[in-house]
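*Asks:* Each chain sits in its own coordinate frame; assemble them with the hints.
What follows is each chain in one-letter form.
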Amino acid sequence: MPASPEREILTAADRDGPGALRVAMGQIAPVLGDLQRNLALHVEQIEAARRQHADLIVFPELSLTGYFLRDMVPDLAVSPAGPEVRQLIDAAGAMSLVVGLVEESPRHRFYNAALWAEGGRVVHLHRKVYLPTYGLFDEQRYFAAGERFLAFDTARFGRVGILICEDFWHLSAATIMQAEEVDMLVCVANSPGRGVDGAKVRTAETYEQLARTFAQLLGAAVIVVNRVGFEDGLCFWGGSMAVAPDGRVIAQAPMFDEALCVVALDPAELRRQRLITPLARDERLLVTIEELNRIKRERYE
Amino acid sequence: MNNELATSCLKINPELVTEILCRFIRTEIRRAGFERAVVGLSGGIDSSVVTFLCARALGPSNVLAVTMPYKTSSEATRRDSQAVVDQLGVRAIDVPITDQIDAYFARIGDASQLRLANKCARERMTVLYDQSAAFHALVAGTSNKSELLLGYGTQFGDMASAVNPIGDLYKTQLHQLAAFLGLPEPILTKAPTGDLWIGQTDEGELGFSYAEVDRVMVLMVDRRWRRAELLQAGFAVEFVDRVASMIRRNHYKRRMPVIAKLSQRTLDRDFRYARDWGT
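Those protein sequence lines, which keep their order, are chains D and A.
At position 235 of the first sequence (counting the first as 1) the number is 234 in numbering that gives the first Met the number 0, and the numbers step up by one without a gap.
At position 193 of the second sequence (counting the first as 1) the number is 192 in numbering that gives the first Met the number 0, and the numbers step up by one without a gap.
Isolated chain A, as found in the complex (with noise of 0.2 Å):
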C-alpha cells in the first residue's frame, strides 16, 4: 500500500497554511466591503477552525460564532463550541431552530432522516445569512475537500457560504492545523459527526474512514492516479470505484444550476469573468 506516499502528499505546513487563509480571509471580506465573518459553529473541527482562523484574521469582536441546535442535537456539541467560543471571545448567538423544523413536518408530515437533516442543514444556512445581514458580515463556509469531493453535504445548506478557507483542504489536513491552530482537546479528538441524529458519525454513515478516504482522494484528484495505478498500490477495487462514483455523482452540487443556452453570451459558459471582478 503507498501509504506513505499518500500520508506524504496530505502533509501541510499548518504555519503557511494558516498565513495564507488569515489573509485569504481579509482580503475576501473586505474586498466585498465587509470587516466581519459570521460562522455557523457547531464545535465539530470544520467550524472551530474556521472560527479560529476568522478570529485570527479579523479580531475576535468582528466574528459571530452561531450555534443552531436542533432538539436532537449532542450535549458534546453544545460543550464544544461553547469552549471555542470561550478561548477565543469571538461574539456568540444561539439560535435553536427546533420549533420552525418541527413546526414544517408537523403540517407534511413525516419525513426520512435523510430530510429532516437536509432540512436542518438549510435552516441553518438561511439562520446566518440572515445574521450576516445583521452583523453587516458575510457568511464563512465551513465544508472541507473530503466533504466536497465525496458530495457528504447539503447543497444550499452547509455548503453554502459566501467564502470558504477550508475547501481546499482535506480532513487529515485539517487536523493538522487544528493541532496548530490550538483548537480545544477534546475536538481535536472526537469522531466528526454532522451531529444529524443522536448518535451518528460521518465515517460510521460514509462507511470508511476520512484517513483512508483522503489518502485515495489524493492519489485520485491531486496526483492524478489512474485507477489500475490505485489497484496496484494496493486500494481495494470496491472502495476506488465507490469514492470515484461519489466524487462524480455528486459533481452538481459543486455547480452552480446548468442553465440552458439560447443566446450568444450565456452566464458562466461564454459570460466569463472573475468573482472579484472590479476588486
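The shape of chain D in the complex, shown without the other chains (with noise of 0.2 Å):
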C-alpha cells in the first residue's frame, strides 16, 4: 500500500495576520419550495460573508429548496452544471461555497446533495448516503440514496469530507472520513428538534455531542450548520458550530433564529492536536478492512 502523501493542510504562509481561515456559517430559513426566493438569499449571504473576509460559506442542507419537499422534488431539482449553481459560484468569487440542492442526475435520479465549488467550478459533490425513513421522515420515498463517501483536496482548507444531516449520525461515515485522512469535516443539516425536557432542545445535544466527538477522533475541525424556521409544525433548530480538533466548540450560532455566523480557525490547531493524540495516525485500517472483510464472508457469502 502506498504511503499516503503528507499534505500541506490550513497553512497560511499566503495569507496576512495571523494566517486564519474565516469560516462563514449560514444559517438560514429557506422558502419551502422557491428556488427563486433561496437563490437571491444565498446570494444576499455571499455578499455578507465577503463584507466579513470569509474564506468559506457553508449552507445547510437542501438549501436552495427547503425540506419536506416531498412531491416538489423533481420540480426543484438542478444540475450541478445548470445556471442555479453557476450564480453562487459566480457570487462566490474566492470564496469556497458549501451549497444543499436536490441534484438530478443524468439518469433522472433525485438526489439530496451537497457540493463544494472554489476558484469558479464544482470541486466536489456528495449525495446523501443515509436517508432517513423513520419517524416523521420520509426520504427514500423521494431520493436516491448516494453510495459513496469521499473526501476531497481544497485551495485552503486541506482534505475536506462532507456529510449530510444523517449521514453524520453513522459511524461509519465517520471512519471512512478518517480513514480518508480529513482536515475538516463538514456536515450540513436540517435537523428538526424532538425532546424539550433540556436546556436544549434534544437532537441539539446530540449533534453537539457527535460533533465533539468526531472531531477528537479524527482529529480534525467539524463545522455543522443547521438550517432554522418551520415547516409543517417541524422547528429546525439552528445552534450551527464549528469544533475544534480538540473537540472544543469554537463557535455557535444561536438557537432558532437566522444568522451569518464568521469564525476564524486556527491552523496550527490541527497540527498540535495531531502531535499530542495521533489517533488517526495509528488507527489500523487494514486490521479494520480486514475485519470487515470477514463479516461480510460470514454474513453475506
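No lab work stands behind these hints, which were simulated from the structure alone.
Keep in mind it's a predicted model, so treat the numbers as computed, not measured.
It is possible that some hints are incorrect.
[Unchecked claim] Listed below are several chain A residues computed to face chain D (Cβ distance under 8 Å; list not exhaustive):
| id | residue |
| --- | --- |
| 1 | R22 |
| 2 | F23 |
| 3 | T26 |
| 4 | G108 |
| 5 | T188 |
| 6 | R271 |
| 7 | Y272 |
| 8 | A273 |
| 9 | R274 |
| 10 | D275 |
| 11 | W276 |
| 12 | T278 |
For glycine and all other residues, C-beta sits at the position ideal for the given N, C-alpha and C.
*Replies:* Next up, the structure:
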C-alpha cells in the first residue's frame, strides 16, 4: 500500500495576520419550494460573508429548496452544471462555497446532495447516503441514495469531507472520513428539534456530542451548519457550530434565529492536536478492512 | 408502578417550549400573510395558555380573545376569561351563542347532552372563523395532546383551527407551561371542564384523571411501550385497554375525511405536499 502523501493543511503562509481561515456558517431559513427566492437569499448571504472576509461559506442541507419537499422534489431539482449553481459560484468569487440542493442525475435520479465549489468550479458533490425513513422522515420515498463517501482536496482547507445530516449519525461515515484523512469535516443539516425537557432541544445536544466526538476522534475541525425556521410544525433549531480538532466548540450560532456566523479557524491547531493525540496516525486501517471483510464473508457469502 | 419514569417523560423545560411555540405562532401566522390570531377563550388552562402564547408571540393588540358563553356556562368561566384578558391586555369580544343554539333545538326538538355539547362546539367554531375574517387573523387551536389522542373533543368544533401550538403537549405538560407563563391562580388550580353542562368536569366524564392517563399515554405513544410492559409496570389492564381503544376509535377525528381513490394521484394519498408549500 503506498504511503499517503503528506499534505500541507490549513497552512496560511500566503495570508495576512495570524493566518486564520474564516468560515461563514450561513444559518438560513429557506422558503419551502421556492428556488428563486432561495437563490436570492444565498446571494445576499454570500455578499454579507464577503464583507466579513470569509474564505468559505457553508449553507445547510437542501438550502436551495427547503426540507419537506415530498412531491416537489422533481420540480426543484437542478444540475450541478446548471445556471443556478453557476450563479452562486460567480457570486462567491474567491470564496469557497458549500450549498445544499436536489440534484437530478443524467439518469433522472434525484439526490439529496451538497457540493463544494471554489475557483469557479464544482470540486466535489456528495450525495446523501443515509436517507432517514422513519418517524417523521420519509426521504427514501423521494430520493435515491448516494453510494460513496469521498474526501477531496481543496485550495485552502486541506482535505475535506462533506456529510449530510443523517450521514453524520452513522459511525461508518465518520470512520471512512478518518480513513480518508480529512482535515475538516463539514456536516450540513436540516435537523428538526425533538425532546424539550432539557436546557436545549435534545437533538441539538446529540449533534453537539457527535460533532465534538468526531472532531476529537478524527483530529479534524468539524463544521455543522443547520437551518432554522418551521415547516409543517417541525422546528429546525439552528445552533450551527464550529468545533476545533481537540473537541472544543469554538463558535456556535444562535438557536432558532437566522444568522451568518463567521468563525476563524487556526490552522496550527490541527498540527498541535495531531501531535498530542495522534489517533488517526495510529489507526490500523488494514485491521479494520480485514475484520469488515471477515464479517462480510460470514454474513453475506 | 413506573410513575417515576412516566413522570420524568412528561417533564418539559417550559422556557424552551415557550420559545419554540412563540416562534411557531409567529412563523405560521406570518407565512400565511397575517399578523394576528383569534382564540376562543373559555378561561380553562388550554385556551388561556394559547392566549398567553399568542400575546407573547404577536403582541396583545394582535390577539382577539372571543368568549362564547351558552346560558349554562358557569360564572367561573366568565370570571377566569376576564382575568386573562385583563392580565394580558389582549382585545376581547363576547359573543353569546344561546340564541342560535336554542333556536335550532326549538325547531328540531330536544337533544341529548352530547348533541347539545357538540352543537355548541361547532357553533363556537363558526363564530371563531367569522371573527378571524373580520379581524384579519388565523384561528389558534386549543386542543392538547391528551384530548386529541383520547378523541375528547368535537370534530370540526373545538378541534378546528388553522394553527395549534399546544397539540403536542399533554395536559400534565400544559400545567408546567401555564405555571411558567404566570396564568391567573384560579385557572391553574380548578378542575378541567368543557363547561358543557352544569357541573361537568373532564375527569368526571372520562372516569380517570389527566395525571393518570398522561402517564400511560406518554409511555404507550411516545415511548412505544407494549401492552404487556405497561401491565408489568403496574397499570391496570382495563385502564390500559380502555385508553388504547379510545386512541384507536377516535383516530378518524384527527384525519381529513377519507377519499375514495380512483385516479393516479389522489389528494393526501399520492399527491403529497407540505402544508407550508411555497412559504
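*Asks:* Tell me, which hint numbers fail for this structure?
*Replies:* 4 and 5
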